[in-house]
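Given next are the chains, with one letter for each unit.
2 protein chains.
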Amino acid sequence: MSDPIKVFLTEDEMPRQWYNLQADLPHPMPPPVDREGKPVTPDMLAPVFPMNLVEQEMCTDRWVDIPEPVLEKLRLWRPSPLCRARNLEAALDTPAKIYYKNEGVSPAGSHKPNTAVAQVYYNKVAGIKHLTTETGAGQWGSALAMACRLFGLDCRVYMVRISFDQKPFRKMMMQVWGAECIASPSTRTQAGRTILEQMPDTPGSLGIAISEAIEDAVTSKDTRYSLGSVLNHVLLHQTVIGLEAQKQCEKIGVYPDVVIGCAGGGSNFAGLAFPFVCDRIHGKDVRVMAVEPSACPRLTRAPYVYDSGDVAMMTPLLPMNSLGHTFVPPPIHAGGLRYHGMAPLVCHALREGLIEAHAIPQLECYEAAVQWARTEGFIPAPETAHALAAAVREARRAQDEGKERVILLNWSGHGLMDLTGYEAYLSGALTNYELTDEEMARSLKSIEGLPKPPGA
Amino acid sequence: MSDPIKVFLTEDEMPRQWYNLQADLPHPMPPPVDREGKPVTPDMLAPVFPMNLVEQEMCTDRWVDIPEPVLEKLRLWRPSPLCRARNLEAALDTPAKIYYKNEGVSPAGSHKPNTAVAQVYYNKVAGIKHLTTETGAGQWGSALAMACRLFGLDCRVYMVRISFDQKPFRKMMMQVWGAECIASPSTRTQAGRTILEQMPDTPGSLGIAISEAIEDAVTSKDTRYSLGSVLNHVLLHQTVIGLEAQKQCEKIGVYPDVVIGCAGGGSNFAGLAFPFVCDRIHGKDVRVMAVEPSACPRLTRAPYVYDSGDVAMMTPLLPMNSLGHTFVPPPIHAGGLRYHGMAPLVCHALREGLIEAHAIPQLECYEAAVQWARTEGFIPAPETAHALAAAVREARRAQDEGKERVILLNWSGHGLMDLTGYEAYLSGALTNYELTDEEMARSLKSIEGLPKPPGA
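First to last, the sequence lines map onto chains A and B.
Going by the numbering used here, the first residue of the first sequence is number 14, and it counts up by one from there.
Going by the numbering used here, the first residue of the second sequence is number 14, and it counts up by one from there.
No wet-lab data here; the hints were simulated from the structure.
In this text the structure is predicted, and so the values were computed from the model without any measurement.
Glycine included, every Cβ here is placed at the ideal spot set by N, Cα and C.
Be careful, since some hints might not be right.
[Claimed, not checked] Label-pair ranges, simulated between beta-carbon atoms:
id: 1; chain 1: B; residue 1: VAL231; chain 2: A; residue 2: ASN445; range: 24 to 30 Å
id: 2; chain 1: B; residue 1: ASP37; chain 2: A; residue 2: ARG75; range: 57 to 63 Å
id: 3; chain 1: B; residue 1: VAL231; chain 2: A; residue 2: GLU263; range: 50 to 56 Å
id: 4; chain 1: A; residue 1: ASP167; chain 2: B; residue 2: SER440; range: 18 to 24 Å
[Claimed, not checked] Just a few of them, taken from the derived set where beta-carbon distance is under 8 Å, the chain A residues facing chain B:
id: 5; residue: LEU432
id: 6; residue: TYR435
id: 7; residue: GLU436
Construct the complete structure from the given sequences, taking the supplied hints into account.
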């Protein structure tokens with residue numbers, strides 16, 4: 014087969030192990046710590062996560078076996094196709110070849126189910142019957158709802174109230190999958206009740222929803238909490254994307270010059286990128302590029318610090334680039350990229366010089382997304398649009414330089430549940446947001462007095 | 014590879030020709046006629062469709078080459094995977110094997126783009142610059158919008174006003190793909206203006222929207238009209254589904270005992286089924302099953318007559334099972350299955366005993382759809398749910414009989430744009446609709462005095 018648009022793997026060719034970048038890091042990552050700076054121990058995490066996932070979070074083995082029941086569920090939509098964006102290449106008149114890994118083929122429409130099925134499986138093995146989580150726009154909540162149903166666990170999703178009211182379709186998806194979707198703040202938790210007493214009309218926030226989901230998990234029988242990005246084990250589960258992509262590239266005899274993913278919490282980027290970072294560590298000439306919104310410039314502008322994963326500081330302190338846990342993100346449509354922090358492993362890889370980071374403003378991302386939809390057909394999620402915009406920049410550079418260049422990007426999800434952003438863009442109502450130094454300094458006040466990671 | 018969940022074809026294995034059932038019919042179909050009963054000639058259709066598609070509509074060759082530029086666009090998402098619903102089989106505890114052809118992988122999320130790209134291509138070759146069409150819920154309008162953009166044609170979609178207002182997301186999809194989406198009735202056509210003068214607050218109807226789209230096409234320069242189902246050439250383009258499925262079945266050494274598709278205008282059913290009907294004509298022991306809603310029982314209860322394809326009688330009379338062109342469908346959520354008529358080729362195949370027809374009520378379809386989502390992950394379109402409900406019936410029969418049985422169904426699209434129906438079902442607000450004999454007799458008054466097809 015010569016130069017096809019799509020490359021499939023058979024199910025037999027699916028990876029049987031996840032790849033753990035920690036095994037290949039030139040220097041080990043600093044550990045998560047408590048507010049006194051003392052490393053977090055497994056038993057401190059046990060009320061929140063099952064012990065098998067806590068162990069996986071701390072594991073430094075290079076390869077981790079994917080359990081057969083997890084593989085079985087992944088096979089409902091995996092392996093995902095590797096595709097070539099020939100129509101976009103032609104429209105850009107570029108000598109670059111643009112390949113994309115289409116993670117939009119999952120039932121929830123994004124890469125999120127890759128870790129959802131793994132996390133639910135490990136919880137099930139540990140005897141857990143119920144999982145809680147939070148969700149903003151609903152992409153993670155719907156993925157976990159589906160995974161819980163597939164394994165027969167109950168799922169309670171605390172959804173930020175304003176999204177619950179304004180975006181009813183993600184909530185309906187969760188209900189189809191049998192999950193209970195609760196507007197947050199709710200009266201079900203102490204955290205929710207306290208907030209509602211103080212601010213009965215609050216639209217809610219991701220920070221509040223996390224607090225409710227964790228409180229629910231630690232106070233309910235046979236219940237744990239599940240997180241959709243940021244943590245090491247979540248990134249690990251996503252590496253199935255990059256491992257498949259490597260096999261697919263090999264099948265058609267190409268190897269990327271540049272690998273691109275958008276970075277919110279970091280798992281989508283890491284999922285495609287880390288197996289290629291491994292190649293880079295072992296001598297391959299490949300650039301690896303994380304793309305974030307200019308409105309939330311963690312990797313490109315924020316300091317490397319110890320900070321909490323949530324507003325209420327219920328999580329341990331993680332070594333990461335952070336805008337401060339009280340950061341109030343601008344209302345960009347890429348809801349998945351509005352987090353204040355970033356996966357510690359991604360931040361560490363950046364400090365080690367293994368990856369590069371770029372920030373792109375909202376309008377350029379939508380321009381790329383619309384061009385994509387009008388040439389390649391598929392409508393990208395606004396998060397994915399950041400990877401596309403970076404790919405377009407690379408393709409233009411290839412054209413300027415008159416050089417062939419193989420670009421590989423993570424097409425992390427479709428935008429069929431996110432069309433209001435497109436409507437705003439097409440009607441001219443969208444604007445760019447650039448975080449000012451003053452705004453950043455203000456939100457960074459929340460980390461004053463916290464311990465500092467070594468070398469920061 | 015032994016018994017995988019998914020079977021892929023390479024792009025090289027994609028069919029290069031469409032299959033035309035007309036070549037294998039034991040008796041030829043009656044022709045479309047005018048109101049005097051005279052067969053319609055190509056020149057009568059020329060103002061509405063380009064001549065190459067008119068010729069294809071009347072063609073009786075067994076195999077029709079798929080033009081290379083059409084193949085190239087189809088490859089953006091085809092070949093689609095053939096999948097086995099193992100989790101559902103386990104949940105039903107059935108000895109049946111349930112395979113499904115996943116047409117939800119297209120950019121528009123359904124099978125509709127298969128004919129959209131072909132129709133746009135033929136129009137482009139014929140020098141047409143603009144296409145018009147109508148759409149109800151928006152599935153066809155969005156598919157044509159995408160196809161027009163891929164080939165560089167303009168697209169104007171007349172969308173029933175109540176859907177335009179209540180279902181803004183399909184409209185946004187069309188706009189992302191650069192189409193103009195117009196609420197119908199509109200002031201752009203004489204038909205629309207007349208209706209608006211008489212009924213300024215009308216919610217619109219598919220009949221009015223068809224009238225507007227055809228009027229726009231025949232009165233505008235370099236403009237033609239495009240239809241998403243019913244006609245022979247539309248069914249022809251969809252046979253790529255069944256031809257791929259045959260190759261995929263062959264790859265894993267299975268052959269279906271029963272082939273199932275839901276039937277609205279008939280193209281989704283025919284697309285999967287007709288290549289298997291061909292096998293049946295040539296001696297294969299395979300049952301082929303069209304499934305319609307009990308609320309719109311064309312194949313199971315309506316008479317075989319000559320009737321118009323639209324309320325305003327702008328189309329020729331087609332030989333088909335019809336509830337009468339003034340039929341007002343009950344408000345079931347499967348918007349694509351609420352048509353008053355049915356593809357003449359499907360109706361003829363039924364009369365020839367080549368296929369069987371079943372009607373299933375709404376609640377049973379949603380029950381099957383929710384069970385599907387909770388076992389197989391993917392959320393089905395409400396139309397697709399009818400095929401699923403029939404498959405569940407067949408699987409239960411296999412269990413009762415203790416027999417293995419291979420079931421193949423057309424999973425024609427996902428339901429991510431149709432979640433309100435699920436919400437109504439899960440909240441207990443949905444009901445069944447059965448058409449009474451009196452209601453049917455009333456709507457059939459509209460065909461009194463029209464010519465009758467031979468043998469009717």
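Quick rundown of the hints versus the structure:
At roughly 45 Å, the beta carbons of B:VAL231 and A:ASN445 sit outside the given window of 24 to 30 Å. Between B:ASP37 and A:ARG75 the Cβ separation comes to about 59 Å, which falls inside the hinted range of 57 to 63 Å. For B:VAL231 paired with A:GLU263, a C-beta distance near 54 Å keeps the hint of 50 to 56 Å intact. Taking 18 to 24 Å as the suggested C-beta distance range, the pair A:ASP167 and B:SER440 conforms, at roughly 19 Å.
Checking A:LEU432 against chain B: minimum C-beta separation of about 4 Å stays under 8 Å; hint holds. Contact between A:TYR435 and chain B, as hinted, is supported at the beta carbon level, the nearest pair being about 5 Å apart and thus within 8 Å. The beta carbon of A:GLU436 comes within 5 Å of a beta carbon in chain B, closer than 8 Å, and the hint placing it at the interface holds.
Violation of the numbered hints given earlier is confined to hint 1; every other hint is satisfied by the structure.
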